[in-house]
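Protein chains: 2
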Amino acid sequence: MKNAIVGQSGGPTSVINSSLAGVFEAAKNRGAEHVYGMCNGIQGFLEGRYVDMTGIFKKTMDIELLKRTPSSYLGSCRYKLPALSDKGAKEVYDDIMNRLNELNVGYFFYIGGNDSMDTINKLAAYGKEIGSDIRFIGVPKTIDNDLTVTDHTPGYGSAAKYIGVVMKEIIRDASVYGTKYVTIVEIMGRNAGWLTAAAALAKDNDCEGVDMICLPEVPFHVDRFVEKVRKMQEKKANIVIAVSEGVKLEDGRYVCELSDDVHAVDAFGHKALTGTARFLANTIARSLDTKTRCIELSTLQRCAGHLTSRTDITEAYQVGGAAVKAAFEGHTGEMVALKRISNAPYQCTTELHPISEIANLEKKVPLEWVNEDFTQMKQEFIDYAYPLIQAELTPIYIGGLPQHIFLGEEA
Amino acid sequence: MKNAIVGQSGGPTSVINSSLAGVFEAAKNRGAEHVYGMCNGIQGFLEGRYVDMTGIFKKTMDIELLKRTPSSYLGSCRYKLPALSDKGAKEVYDDIMNRLNELNVGYFFYIGGNDSMDTINKLAAYGKEIGSDIRFIGVPKTIDNDLTVTDHTPGYGSAAKYIGVVMKEIIRDASVYGTKYVTIVEIMGRNAGWLTAAAALAKDNDCEGVDMICLPEVPFHVDRFVEKVRKMQEKKANIVIAVSEGVKLEDGRYVCELSDDVHAVDAFGHKALTGTARFLANTIARSLDTKTRCIELSTLQRCAGHLTSRTDITEAYQVGGAAVKAAFEGHTGEMVALKRISNAPYQCTTELHPISEIANLEKKVPLEWVNEDFTQMKQEFIDYAYPLIQAELTPIYIGGLPQHIFLGEEA
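Chains as they are written, first to last, in my numbering: chain A, 1 to 411; chain B, 1001 to 1411.
Do not take every clue at face value.
[As the list claims (entries may be wrong)] Cβ pair distances, simulated, as ranges: (1) S1287/B <-> T179/A: 37 to 43 Å; (2) E1102/B <-> P366/A: 55 to 61 Å; (3) I1396/B <-> L84/A: 54 to 60 Å; (4) T1179/B <-> G399/A: 28 to 34 Å.
[Said to hold, decoys possible] In silico BS3-like pairs for lysine-lysine, Cα to Cα no more than 30 Å straight-line: (5) K1291/B <-> K248/A; (6) K1080/B <-> K291/A; (7) K1325/B <-> K1291/B; (8) K80/A <-> K1291/B.
By construction, these hints were calculated from the structure, which means they are not laboratory data.
Heads up, the beta-carbon is just placed ideally off N, CA and C, and yes, glycines get one too.
Isolated chain A, as found in the complex:
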């Protein structure tokens, strides 16, 4: 029997470790003697860093804690494999293959988003080229929910729930003085507005909801934005706005680039986006007679293990298991996707898709789900997102704080 290896890549989520637990338990159940974990993804593995998870996770409580520990247990990376045609690429791929063969690995799992699926895509293609029998399967995760093919991605439900909950709390907080106030909340999502749209979930019979939602899918006009806020404040003193970090002007520049912040670029060429809410809050404060506040939800929206969707945690675990099933049944170069059967009652299953349909593509929020003046989400979006935030998985509190599990000296 061959061994299995699994890695985590890209930005952490609250539930990516639940997928890791799903892969680990399914691989063990199917007879893998060793389930290895790459430390810091493929980058760390190329440096010879990995652990034998079989030796670490011996108690069921450890697995339970793993499911409830946010961020990536094995560490992550943002490492882009060279194109197969690049000079020196063959050495890198052969290095990986040799390392996998040394560990007698037959099944390779990579949990991640767009960029991570690019890694699986390239490894599977190289594997085929050299006739390797190692199976490469992708396990989807990303709070951004921007992977194609899959109905939604594990990680999104918990992030959406976090955003819905804290928007309700921010709205309650912002209303206390009854004075003119504009609160601008900056939410993650570079090009896809799924997370920002989740602010719409706050509206209910106990909450008036956010007053405006600005998605990156809709070209942003600073002057029109200010004018909309001015008009809104004629009727309502206290305005709360959810804005994507990735809103862009019609000429393609990010709004945050109008600020004076430094914007670093990562290995995949993505600019660090920050300062959108602050820029807009300052602009409004200068243009209108109102106080303003900006709130960046920042990393908490992706790592709030204390506030997860049980639906999401469960599905994250399931896609891990489905990936193992697929690999052990001989599939390679594919990603597990979630397929929604129905909304009410909510039912969802898994299916497989060739990874080439997924890698490096982005799924955006359909503009038909946005209202006419591009300020609110329609019911179609609520129907889509509502099932994904249902139910809770309470952390295991010890001494008043959620207990986690982490990879210390072993790494």
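Mind docking chain B on chain A? Use the hints.
Below, chain B without anything else, positioned relative to chain A:
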């Protein structure tokens, strides 16, 4: 039987509504026919805005939701009553007294922090001067924990728990790439570092804890700070720092004033503090060869109703009840304080203190509780704070989100 009135003032907390519930139920139990609520504190009351809470809270579930709803149910204000010696002051005080007499109010409760106790202090003094039999009692609340006399203030425990939890999550998140990174987390607290110190609670056998804590009680040196970070990074790539929004240079200027942000001033002369973490993150990025990130915990640290300390919620309710008991027994011009009996087992009771001992004074973190190089809290602080974050009060989740109660059209 006279009626009671209650107001909420100053910044909201996650548990200030639990004190409101405590006042309401105790006043009703002691026979008050009407328990009125001032809308937006004394400022709204002077505009004739109040509600009859007796007509609103008819079901026990409403009270239960009130306890679990963050922010100030009745709305708040930052209104400073004039000094009795000020020109025109008598008219304001007479206006308030006349309005109270019209409603047949015999018991007046104000839930708030330093500035709110100033209001109670002045009203009680004026009441005595004119021989009024209205009883004025202060109910403490502030996440800042900076009220004197009381062992701690309701609101602090939940905010400290929130900070402990999210610091653990931020530390997990920040460690995933294994690369050089400095994360600076900005925490509330203008002059007192109680909240920032709570970051020390994150350290446990499942978490390495924050690498540095910067309190406002300790003069801040930008150069020495950068040098400390440089030295730390020689041993550990990934550094997480908790810094108070109120850290000051030796010349008294706030560090955030070194940034280019606008800093408005409120009615009590307090400057709005923001941008400390961003300024420090930018400074480090320029000085050292490392990536940096700044995270402002912002309003969430005071309004995260989804993550409260049950100990705190219970004590907030108790001080409300104790205030009613005191007023109905004839006390006036006093504040309810919490008195700790023991740490292990944790026991705490209430007592009364003349409000003049409290108003406008600030209790700071004792420097004996900080280590030699002013970077970490000692065990004395942990012993103090640990009991206050114990146990949870789960929100009532409906449709995946915590249910709240709010004052809509009635206000």
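Can you give the numbers of the hints that this structure goes against, from lowest to highest?
7
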